Each structure stands twice: as structure tokens, then as C-alpha cells.
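Q: Listed in order, the protein sequences are those of chains E and S.
Just so you know, we're using our numbering here: the first sequence kicks off at 1414 and counts up by one.
Just so you know, we're using our numbering here: the second sequence kicks off at 9 and counts up by one.
Hints may be right or wrong, so weigh each one.
To be verified - Derived Cβ-Cβ restraints for the label pairs, each shown as a range:
1. S/Gln-72 - E/Leu-1512: 27 to 35 angstroms
2. S/Pro-453 - E/Leu-1510: 33 to 41 angstroms
3. E/Leu-1453 - S/Ala-35: 31 to 39 angstroms
4. E/Trp-1509 - S/Gly-504: 23 to 31 angstroms
What the hints assert, rightly or not - Computed list of chain S residues with no C-beta within reach of chain E, every gap over 12 angstroms:
5. Tyr-28
6. Leu-97
7. Leu-104
8. Thr-193
9. Leu-381
10. Asp-456
Think of the hints as simulated: they come from the structure by calculation, not from any bench.
Values in this document were obtained by computation on a predicted structure and should not be read as measured data.
All C-beta atoms in this analysis are idealised placements derived from N, C-alpha and C, irrespective of residue type, glycine included.
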Amino acid sequence: MQSLILTTTTRLLAALLLMFSIYALLRGHNLPGGGFIGGLIGATAFILYTIATSVDEARAALRIDPSNLAILGVGVAALAGLGAGFAGDPFFTGQWLFLFQDGDSYIPLSTVLVFDIGVYMAVFGGILTLVFAMEQEI
Amino acid sequence: MSWLLVYPIIIPLLTGVLAYLFRNSPAGRWISVAGTVALLMASIMLMAEVLEQGVVAAQMSNWQAPFGITLVADLLGGVMVVITAITGLATVIYTLSEIPERMERLGFHALLQMLMVGVVGAFLTGDLFNLYVWFEVMLISSFGLLVLGGTREQLDGGIKYVMLNLVSTIMFLAGIGLLYGLTGTLNMADLHLAVRGVENTGLLTTIAVMFMVAFGVKAAMFPLFFWLPASYHTPPVAVSAIFAGLLTKVGVYALIRMFTLIFDQDVAFTHTILLWLAVVTMVTGVLGAAAMNDFRRILSFHIISQIGYMVLGLALYTPLGLMGAVFYLVHHIIVKANLFFVAGVAKRIAGSTDLARIGGLYAHAPLLAFLFLIPAFSLAGFPPLSGFWAKYVVVKAALDLEMWFVAGVALGVGLLTIFSMTKIWGSAFWPAHPDGIKPRLSDLPTFDRVALMLPIVALAALTCLIGLFPEPFVQFAERSANQLLDPTDYVTTVLGVQP
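Work the whole structure out from these sequences, hints included.
A: Written as C-alpha cells, this is what we have:
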């Protein structure tokens, strides 16, 4: 299906959705959001793009095979758990680093976030693997 | 120290990730081999620690039990992880020759590694909900392995397999929910204490039976075994072998764990059901095998029959009975995987697994014939092989309780096992090949010959080793049985200093 309205809007919406998915990922630890929901939103952007153009173009735009991305996500999440070993803690203990501490304001970095990024990649890649496969069948 | 429990889970996981990323190049399969070797080393390290300490436990993320996720290895859990690693390594080496490149490109090795993640996780977890998650990991990856390649026969077997297993999983989950509502905890060590304070013992017994059904399906016990012979003969032989060795045994392990640690309140009721189910399972399995005419189908039915012996050991609920169950579990994984490997080689050189269409293996491949006899006789319980000691202990336990009928059935099933093994021998090995083919091992390329025969030789050697020097293994099984019957050590290690 070719629709000028859909293709034009998709360019705008896909970018917005991707940006919003990163936002949802980053605010996830203490507020609603996180890797799973972020990954779903991110996948929506590419699904929209697939509908507006074609599977091949969406694959080209993604550059990396989505199933590889998904399994990499599993690996990243596992590595986040291994990070605790360097601090001498049991597996998956969260490690925190507070940057630029100034009174109450700081940037918290943690292995929990790395884990969430892994989940994001796994969900994002997994959903797109399914959608691409099904779109190609149809 | 807590990391020793993590390695056996994380190594196959990361191996799976790498093997998938390199699935299009030969590196993928060698990563899989290397990862499984590492898994074997990690599991031996864990076993050494368990032998020294008795029980090893670790709290993930530093959340104390019973709130966090606990990993725990006692003697039974430890030895199961070692056996998983051994079977896994044998399977991975076997796949080097058997699995076509087309299937490797679809991520075969990643699925195989994920299967091992699930199996090892199920053996090491100390949390009931976590056990459910590992069962799911196992189910999904095994379904993937079963249908990979996508022939009609595979899909047919795969659907039956996944449907029945899903029913069992839902039953398991419902049981977990009820148990949590009753006790407010899912940590297995904590549950051991909590169920003692439960007033509604009727509900507790109901939950126990729900778990029995759920794990009974996984273990392929009567009357819920029909998914197994419907699916196990369809995938590549290496996949059948690891399924036959490990998957049903996870169900048996879960039964042993649950019905010694948690559901030991109403033994007269629950274990009597288990006893009669075990007897019927033994008989139906072996009769089913007698009616089959396909190498792998006969072996599939024998899995069911042998499961009966293990559950029988548990159901007798004496130190000797449990000792037999543990011994049987370990012996059977080695022997059964090995028989499937032999069936695979027979298929490769003689062209089929249908007994009517092959032959001549004894005349032209005497080494294979000899290597078939070792696990086959061990399965039937010939001295001095490992199966003899396993059967001997279980039957002795039944005789000690003066259960003459049960002991008689167990011995009779052993006889019928010999009958099926003779049938395989009498049509695949002894007579000439109906098409006049000469199935020689030396016709295989050298690399394939080594990759196919190495696992068979190694597992056969292990069977002989257990059979000829049973003393340390029997002592180990005895220690393990005592640990299962008196879980004080398990509970205190998991919960820390609490009673």
C-alpha cells in the first residue's frame, strides 16, 4: 500500500517514537518506563516504517539483523549481572556510580541501567524479528 | 564462593549468545564446543565444593532468603549439573558431524546452549517460581530444537509436545499460586518450614497432587506420557539424545525435590499414589516398546519404563529407595543418551532407524555392535554394568519393605527390557541388510567417524566405570539420599542461621 500521507507522517513519527523510547528507557528505574516498555515503543517506530514502506527498506534502515540485536541484548543483560563480580558482590547486585554530585543533584549510573538497556535491545530485536518475518509472509 | 553456582548458568548463556552471532561461520560450532567444555569444568568445580561443604547456597543480588532468588546445590543438584555438562558435551561433539549447515544457520547451537541453561537452572534453583521460569526456558528452547528444519513430521511431533507441556506448566503455575496463598513464601527451604504450620492439610495434599501431575507430565509418567513417543523420534538424533537424557529427568528431579523437601506431610497418601503410578509406568513403557519396530521409538518407550524405576525409588521413601532413585537417575542419563547416539550412527551407515529396513551391523561394524551391547545390557540390568547396581538397589529397597508384588514387577520389566534389546539386536545387528548394503564405519569420513564415535565410546566407558567400581558412586548416592530425607543442612544453609 502506498499512501503519501502515511509515508510523510511516518518520517516524523518514527523519529519521535524512537526518541520517546529512549526517554522511557532512561527514566525507567524509579518512574514508570524501563527497558521493556522502551523496547516496545522503539519497535513501534520501525513497524510503522515497515507498513509505510516495505520490509526490505525497514531492514536497510535498521542496518543490523534484528535477531542479532535481540540475542546481543540477552548478552548485555547477562554482562550487567557479571559486573557485580568486580566489586566482590554476589551475581546481579546493582553497582552504582554517582557522577557530578553537587548537593542533591547528580547523574546516577548503574549496572541496573545496563541491564535495562539489554532488555530494551532484546525486546526491540525480538519484536522486529517477528514482525519482519510475518510481514514477509503476507 | 557464591559465584561457583552462577558459572554453570552464565557460561552456556553467553556461549549461546556468541554461537548465535557466529551462526553463519564454522566458528559458531567451535564456540559451542568450547563453551560446553567450560561448563563441564565449572560444574566439576561446583561439585568439588559441594562434596566438601555438603550444601552450597548463594543469594542473587544480595537479597537475603526467603525474599531474593536463591541458588543452591546439594549433592543431588551438584551431580545432576555435572551429568548435564557431560551429556551436553557429548551431544555437542556429536552434532559436529550430524547437524547440517542449514540448521546451524538457523541458530541450532544457540538453542542447544539455551536448553542447557534451562536444565542447569532448574537443578540449581532454590526458589519455586524460579523453577517455573527455568522450565519455561527449557520448554521454549526444546520446542525450537524439535521443529528446527520444519519437516511435516517434526511439526506434528512438536505441536503434541508443546501442547501437553503447556498444560503441565499451567498446572504447575496454578499449584505455585495456591501454595503461595497458603504459606506466603516460595523459597523451597522456607516452604519446608512453612508447610509444617499449615492447618488446612487437605488443601496442601491437593496442591501436592497438582505438582505431581505437573511434574508427572514432564517426567512422562503414566498416564500422561504419550507426548514423548510421539515426538522424540522426529528431530535429529543428537537432539533426541539430549532430550532423552535430560528433559524427562528434570521432571523426576523436581518430583524428588518436592516430595522430599516440601510434600512430606502425608506420605501415606501421596507416596502411595506415586508408588502405583511408578509400577504402571514401568509396565506400560516396556510393553509399548515391545510393540514398536523402530530403533528410536523402542528407545523412547524405554525412557518411560525407566522413569518408573526412579519414581519407584522415591515412592518407597526409605534411604535405600532414594539412594536407588539417585543412582538410577545418573546411570540412566548416560545410558539412554548413548543408545540414541548408537541409533544415530546406525541410521547414518545403514540408512534408516526402521528395524525392518536395516541389518548387517554386526558383520560390518563390529565396534558399533559392541558399543551397543554395553548400554543395552546396562539398561536391562546385567552385571557388572551400572544398570545392575541401580536396579539392584531399587529392588532391594522394595524387598526390605516386603512389597513382593512391586519387586516382582520391577524384575519382570527388566526381563522384558532384555526382550526389546534382543529385538533390536536380532533385526539391526545380526541378519544381513535387506538391501544388500554393507554398513561399514570405515566408509564415513575420518572427521565424522571421530565426532560420532567419541561420545559413544566415552559414555560407554563411563557406564563400565560405574559398573566395575560402584563403591564411591553408591556411597555418594547414600549420602545424597540421607541429605534428601533430612534436609536440615539444606534449610540452614539457605536461610542462614535460622533453624
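Q: Please go over all the hints and tell whether each is borne out by the structure.
A: Checked hints:
| no. | hint | verdict |
| --- | --- | --- |
| 1 | S/Gln-72 - E/Leu-1512: 27 to 35 angstroms | holds (30 angstroms) |
| 2 | S/Pro-453 - E/Leu-1510: 33 to 41 angstroms | violated (55 angstroms) |
| 3 | E/Leu-1453 - S/Ala-35: 31 to 39 angstroms | holds (33 angstroms) |
| 4 | E/Trp-1509 - S/Gly-504: 23 to 31 angstroms | holds (25 angstroms) |
| 5 | Tyr-28 | violated (5 angstroms) |
| 6 | Leu-97 | holds (21 angstroms) |
| 7 | Leu-104 | holds (22 angstroms) |
| 8 | Thr-193 | holds (20 angstroms) |
| 9 | Leu-381 | holds (43 angstroms) |
| 10 | Asp-456 | holds (29 angstroms) |
Of the numbered hints given earlier, the model fails hints 2 and 5; all others are met.
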